[in-house]
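Protein chains in written order, with our numbering: chain A, 19 to 492; chain B, 19 to 492; chain C, 19 to 492.
To be clear, the hints were calculated from the coordinates, so they are not data collected in a lab.
Note that this is a predicted model, so its numbers are computed, not measured.
Wrong hints could be hidden among the right ones.
Where chains are identical, the list cannot tell them apart; a pair therefore holds if satisfied intra-copy or between any two copies.
As the list claims (entries may be wrong) - Keeping only pairs whose Cα atoms sit at most 20 Å apart, straight-line, the calculated PhoX-like set for lysine-lysine is:
#, residue 1, residue 2
1, Lys402, Lys295
2, Lys250, Lys353
3, Lys402, Lys451
4, Lys348, Lys295
5, Lys338, Lys141
6, Lys348, Lys338
7, Lys348, Lys402
8, Lys293, Lys348
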Amino acid sequence: METNSLAMSPVDGGTGRKPTTVCIFGTGDFGRSLGLRLLQAGYAVVFGSRRPHNSSLLPRGAQALSHAEAARTSEVIFLAVHRENYDFLGTLSEELVGKVLVDVSNNPRLNQYPESNAEYLGKLVPGASVVKAFNTVSAWALQSGGLDANRQVLICGDDSESKEVVVDIAHSLGLTALDKGSLRAAGEIEDFPLQLFPLWRLPLAIGAGLLAAVFTYVVVLDVIFTRVTTGKDNSFRIMISLANKVFPIISLTMLALCYLPGVMAAFLQLYNGTKYKRFPDWLDRWMLCRKQLGLLALAFAFLHVLYTLVIPFRYFVRYKVVTWTISEMKANQSKFDNTVAWYTDSYISLGILGFAFYVLLGITSLPSVSNAVNWREFRFVQSKLGHLTLLLCTVHTILYGWNRFLRASAYRWYLPPAYMLSLVVPCVVLVLKLVLITPCVDRVVMRIRQGWERKPPPDVAPSKSNPSQQPLIL
Amino acid sequence: METNSLAMSPVDGGTGRKPTTVCIFGTGDFGRSLGLRLLQAGYAVVFGSRRPHNSSLLPRGAQALSHAEAARTSEVIFLAVHRENYDFLGTLSEELVGKVLVDVSNNPRLNQYPESNAEYLGKLVPGASVVKAFNTVSAWALQSGGLDANRQVLICGDDSESKEVVVDIAHSLGLTALDKGSLRAAGEIEDFPLQLFPLWRLPLAIGAGLLAAVFTYVVVLDVIFTRVTTGKDNSFRIMISLANKVFPIISLTMLALCYLPGVMAAFLQLYNGTKYKRFPDWLDRWMLCRKQLGLLALAFAFLHVLYTLVIPFRYFVRYKVVTWTISEMKANQSKFDNTVAWYTDSYISLGILGFAFYVLLGITSLPSVSNAVNWREFRFVQSKLGHLTLLLCTVHTILYGWNRFLRASAYRWYLPPAYMLSLVVPCVVLVLKLVLITPCVDRVVMRIRQGWERKPPPDVAPSKSNPSQQPLIL
Amino acid sequence: METNSLAMSPVDGGTGRKPTTVCIFGTGDFGRSLGLRLLQAGYAVVFGSRRPHNSSLLPRGAQALSHAEAARTSEVIFLAVHRENYDFLGTLSEELVGKVLVDVSNNPRLNQYPESNAEYLGKLVPGASVVKAFNTVSAWALQSGGLDANRQVLICGDDSESKEVVVDIAHSLGLTALDKGSLRAAGEIEDFPLQLFPLWRLPLAIGAGLLAAVFTYVVVLDVIFTRVTTGKDNSFRIMISLANKVFPIISLTMLALCYLPGVMAAFLQLYNGTKYKRFPDWLDRWMLCRKQLGLLALAFAFLHVLYTLVIPFRYFVRYKVVTWTISEMKANQSKFDNTVAWYTDSYISLGILGFAFYVLLGITSLPSVSNAVNWREFRFVQSKLGHLTLLLCTVHTILYGWNRFLRASAYRWYLPPAYMLSLVVPCVVLVLKLVLITPCVDRVVMRIRQGWERKPPPDVAPSKSNPSQQPLIL
């Protein structure tokens with residue numbers, strides 16, 4: 019919507035309510051977007067600017083004054099300037115005494131300065147009450163109204179009343195506020211928008227590690243083996259043939275790694291006999307990034323599908339088909355083998371079905387879809403359909419191998435073919451899961467999850483301040 | 019964000035506001051997540067626990083006392099324990115008199131007990147005011163803040179003031195509350211998170227039915243016919259060839275079933291001459307699950323595309339190509355047939371375009387996308403582009419058949435080829451839609467939708483309490 | 019959830035709060051949905067209807083009276099009828115004096131009437147205070163609770179207190195309100211839900227223009243050239259072969275057009291030496307629709323992928339392969355060319371990787387995903403991964419051409435092959451971006467973005483009302 023054609027005036031609610039004035043220092047992108055939103059929410063907005071007479075970019079309805087004058091008009095001042103420009107505030111110490119000074123700044127890099135911007139500001143202007151807020155909301159989100167996870171404003175500060183004032187402003191703009199404590203938490207809040215996909219670090223590391231390891235394995239067993247044993251140069255196979263061995267192996271392994279912590283946690287609870295004992299830290303961390311593991315596995319599966327579908331129009335494959343055709347003709351064409359037709363069509367079909375369910379899992383991981391289903395539906399898809407996907411993809415890989423593992427020629431340098439490596443983790447997960455869903459084991463797990471404990475806790479020693487006793491059975 | 023490194027303290031707003039204390043019985047997943055959220059929103063939180071001295075898992079800043087002591091500190095008590103453990107509350111009847119007791123429980127299965135948990139609780143503790151709430155919000159949603167459709171708390175209870183208190187707490191946590199009436203509605207609220215995709219039941223049933231029917235049809239006409247007439251064993255074709263006949267038939271039929279109720283409703287309104295007459299229940303139910311019908315149809319179309327793209331590297335297909343190549347060579351290669359090139363390329367091209375629009379329809383059905391467009395844009399995509407997709411896919415199927423329906427050999431056992439079955443419903447829908455968009459018919463439909471009625475309603479009989487008369491023309 | 023089985027009663031909060039009564043004129047879809055929502059939020063609802071005794075469709079718990087009686091019960095009246103039916107309000111002028119009359123209407127077409135519905139209503143009922151609101155919220159959104167971007171109610175009106183009342187109602191329903199000024203803004207608010215993808219106009223126009231231009235180019239250079247020079251009829255190639263030349267050219271060009279304004283803006287800032295000078299309007303407009311340009315480019319890339327994957331089972335291609343096989347056999351099969359294998363596998367592989375990143379870009383453009391990441395993560399994906407995608411697809415196209423540009427036969431009628439046209443814009447963008455990321459240039463751009471200016475602004479002339487002077491360095 020074109021903002022310059024709409025009149026902007028604060029909703030003043032008649033005789034009763036006086037509009038609150040908010041002052042903003044700084045006329046950059048963020049300052050202007052914040053000012054516009056505040057005007058639309060009914061506040062009067064005053065900008066403190068270096069050049070109050072050159073205010074062509076400011077939203078209509080807002081005033082522009084010098085910094086000192088602007089500071090006097092309001093109780094709350096948003097400081098929408100970069101940290102490098104904080105110095106001038108030193109000259110305004112008097113006007114800023116007793117004001118709520120909101121630090122909305124971000125730094126381009128983590129740990130760029132020894133102390134957080136908000137604490138630095140607090141030292142610069144000791145008379146003001148500094149509150150760190152709004153640094154997680156971007157100017158673009160303020161303009162476009164696209165506030166969902168960006169709807170949350172993290173707040174911290176030493177004075178509770180000042181924080182209250184800022185929380186009220188946040189609520190008027192349709193944002194929610196989360197209190198993080200005193201100003202010492204400012205460093206953490208300033209780091210928050212600089213995080214770059216923190217939950218993806220471990221899955222990406224695992225993926226990169228697997229990529230390097232499996233790629234080396236297949237190159238050795240394919241290109242180097244062929245060069246050493248026959249002298250032929252097979253290296254062109256790296257681009258597609260070997261890539262199409264590596265990607266499915268990584269995908270299946272990571273999908274299994276996505277479901278392995280769940281079964282391990284269940285067995286741990288069975289072993290402990292209770293659900294109240296903490297999991298080891300590494301298991302906790304693993305369980306936190308299961309969704310990212312699964313999505314990365316889906317990405318590799320998607321690449322595998324595309325690399326498979328391009329097989330027929332590769333020059334190499336066409337050359338092989340022509341060679342085969344010519345040899346078939348000279349040999350007067352071998353008989354059609356029904357078994358080969360059955361198992362090849364089967365593993366292709368299972369692969370397609372597995373991928374289709376995989377895509378369904380991915381779609382339900384989208385934030386809007388996973389929030390539109392209740393937790394029973396979510397568990398049904400992610401758990402039941404998830405294990406079904408793992409099963410289909412594992413059987414797909416087993417059928418792809420068929421009886422190759424029985425032939426000695428498949429074992430180059432006494433190492434198994436690469437595809438067999440990918441079957442290890444999935445089979446472990448599927449077998450463990452099979453154990454977990456047998457009725458007797460399942461019953462115990464359900465009871466533990468409802469709060470039952472194999473070894474009841476020791477009695478609570480009665481303290482002097484608590485004359486009543488808890489019955490044993492609680 | 020690592021929660022254990024952040025200090026948690028209630029925002030107490032200075033001299034004016036006293037923090038409200040909320041008591042939580044139960045230290046499981048939900049109780050701890052709820053306590054943490056309440057602390058972050060500014061409440062003081064007291065846990066009532068069986069083992070108040072073993073409180074290592076509780077969020078920092080929360081207190082842990084015995085149940086009786088905790089109950090005394092607060093007006094509101096959240097009961098975060100399973101129904102099986104409600105008994106101990108009997109011993110606390112005195113402390114619970116006059117308190118608001120919030121039942122947040124869920125059962126693992128529908129209709130597990132004769133009466134709802136909340137009503138059972140009410141009988142157990144008659145002095146307390148029981149409110150059913152928060153059972154639709156999961157512990158994970160509270161922790162991660164991922165609250166969208168899970169943002170809604172369903173509330174019911176006999177006492178309005180108690181409900182008010184719980185509604186306020188919900189609002190402070192950034193949730194919205196929906197009042198469902200008295201405590202008799204608790205059973206329905208408890209059933210809500212146990213539903214498993216209720217709107218998908220009918221479409222999945224239709225899909226399964228079509229799957230069984232069409233699959234049987236193609237197996238009979240392909241594998242069994244071949245076995246009976248020629249003795250050859252064609253059964254390997256089930257995995258891919260026959261699957262790739264079944265899936266497109268189901269997809270096209272379900273896509274047509276997605277648009278059929280719309281045209282039926284329009285004709286019904288034309289027949290009735292008004293939009294104020296209720297549709298039959300079966301039509302209402304059908305119209306409610308149109309989106310799920312369409313998405314299921316898209317899933318089958320996606321499978322059809324994958325099964326088609328794998329054709330060239332199937333053993334069976336390569337064998338056929340080699341056979342064809344050899345026969346072509348011996349026959350000195352037949353001439354290139356331009357017509358065949360034209361219509362095969364055309365039906366493939368139309369299929370691709372139809373699938374692309376199909377995917378676009380699916381993307382706009384995602385919750386976040388359908389909420390980002392206004393209703394005119396939504397109708398444009400779902401209705402105009404939707405019918406265009408149906409048209410493209412129908413022409414794709416017709417061209418695929420080409421002149422096969424003219425040859426007698428296509429009719430095995432006097433039955434039509436399977437693909438012709440899939441054309442019935444789509445052609446009906448497209449013809450009816452064509453009638454509806456002719457200007458004269460369209461004009462009448464628009465007027466009816468704006469409120470015009472062919473037969474005006476009877477006069478309102480003037481009642482004693484209403485001396486004024488409504489003019490006839492209203 | 020089945021609404022007819024739930025009791026609906028307003029939450030009256032005990033002795034303190036009296037339920038506000040809201041009156042709704044009109045019992046159509048919107049009126050009934052709004053009434054149901056208001057009941058669930060705790061309001062008492064009275065419908066004003068032409069036929070108060072025939073109220074079978076109304077939500078339970080709502081009253082139905084004549085228009086005049088209903089108007090007397092409440093301060094606020096929602097007018098949920100079409101503009102064509104506004105006339106009857108003339109008879110109710112007395113009862114409507116001093117009421118807040120909320121106009122929620124929409125028209126089927128833009129500019130259907132000379133003045134907005136709200137202003138027309140204002141003339142019809144001069145004693146009432148007309149507020150335009152709720153026309154952007156659909157009945158279906160009210161029913162299903164699916165309110166996200168539809169959560170925003172645009173409000174305008176001449177009287178601030180009346181607007182306050184409506185804003186409060188909106189908040190109770192969980193909606194946010196945006197004040198657009200006086201009633202003169204009603205026309206703009208009424209146009210808002212009639213917009214049909216306004217940000218897509220320019221990208222779709224560019225796409226259509228490119229489609230026409232490139233399609234003509236390839237048809238001339240392929241079909242017409244062949245017909246003129248050899249007399250053969252190649253026209254069947256239009257459906258797939260030529261389509262598969264056109265789509266990738268458009269896709270790559272539009273992807274480059276998506277990133278071109280960014281580099282142009284950076285160079286403009288470098289030239290100006292400041293970030294405070296406004297961009298030209300055409301550049302602003304271009305930058306606003308970058309996301310739509312990118313998504314349209316992705317759609318064409320998706321079509322290109324599908325058209326490529328169907329190559330092997332086209333009749334035309336199978337005929338060519340058979341021809342090639344037969345000639346290979348007669349020529350005793352040419353030697354396997356490793357270089358051809360390398361570069362063809364490479365360009366296919368790069369194309370797949372480029373498309374995979376392309377899809378990732380598309381997924382992160384979904385509203386729910388782009389709102390779940392912070393701005394640093396969003397910039398990383400859209401900018402770094404975006405330019406990587408552009409690079410991969412450009413190298414894919416260059417490798418596809420290989421050494422064709424060196425052969426004279428590739429230049430038909432002295433014009434370059436079509437694929438070379440698609441390389442122009444991408445190479446320009448990539449070269450300019452390369453310049454921008456060299457450390458010396460990048461440093462200057464970063465400083466400009468932080469507020470540094472090459473030519474400091476002129477001194478602020480001291481005014482009589484402002485005795486203090488701004489220091490020069492600010």
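Verification of the hints:
In the homo-oligomer, the alpha carbons of Lys402 and Lys295 never lie at most 20 Å apart, since the shortest distance is 26 Å inside one protomer and 44 Å across protomers. With identical chains, the CA atoms of Lys250 and Lys353 are at most 20 Å apart between copies only, with a shortest distance of 14 Å across copies and 31 Å within one. Taking the shortest alpha-carbon separations for Lys402 and Lys451, only the intra-copy value of 11 Å comes in at or below 20 Å, while the best inter-copy value is 41 Å. Proximity of Lys348 and Lys295 under a CA criterion of 20 Å is satisfied in neither setting, with 71 Å inside one chain copy and 76 Å between copies.
In this assembly of identical chains, Lys338 and Lys141 lie within 20 Å of each other by CA distance neither inside one copy nor across copies; the values are 75 Å within and 79 Å between. Taking the shortest alpha-carbon separations for Lys348 and Lys338, both the intra-copy value of 15 Å and the inter-copy value of 17 Å come in at or below 20 Å. Taking CA atoms no more than 20 Å apart as the test, Lys348 paired with Lys402 passes in neither setting, with 52 Å inside one copy and 55 Å between copies. Taking the closest pair of Cα atoms, Lys293 and Lys348 never come within 20 Å of each other, the shortest separation being 70 Å inside a single copy and 75 Å across copies.
Violation of the numbered hints given earlier is confined to hints 1, 4, 5, 7 and 8; the remaining hints are satisfied by the structure.
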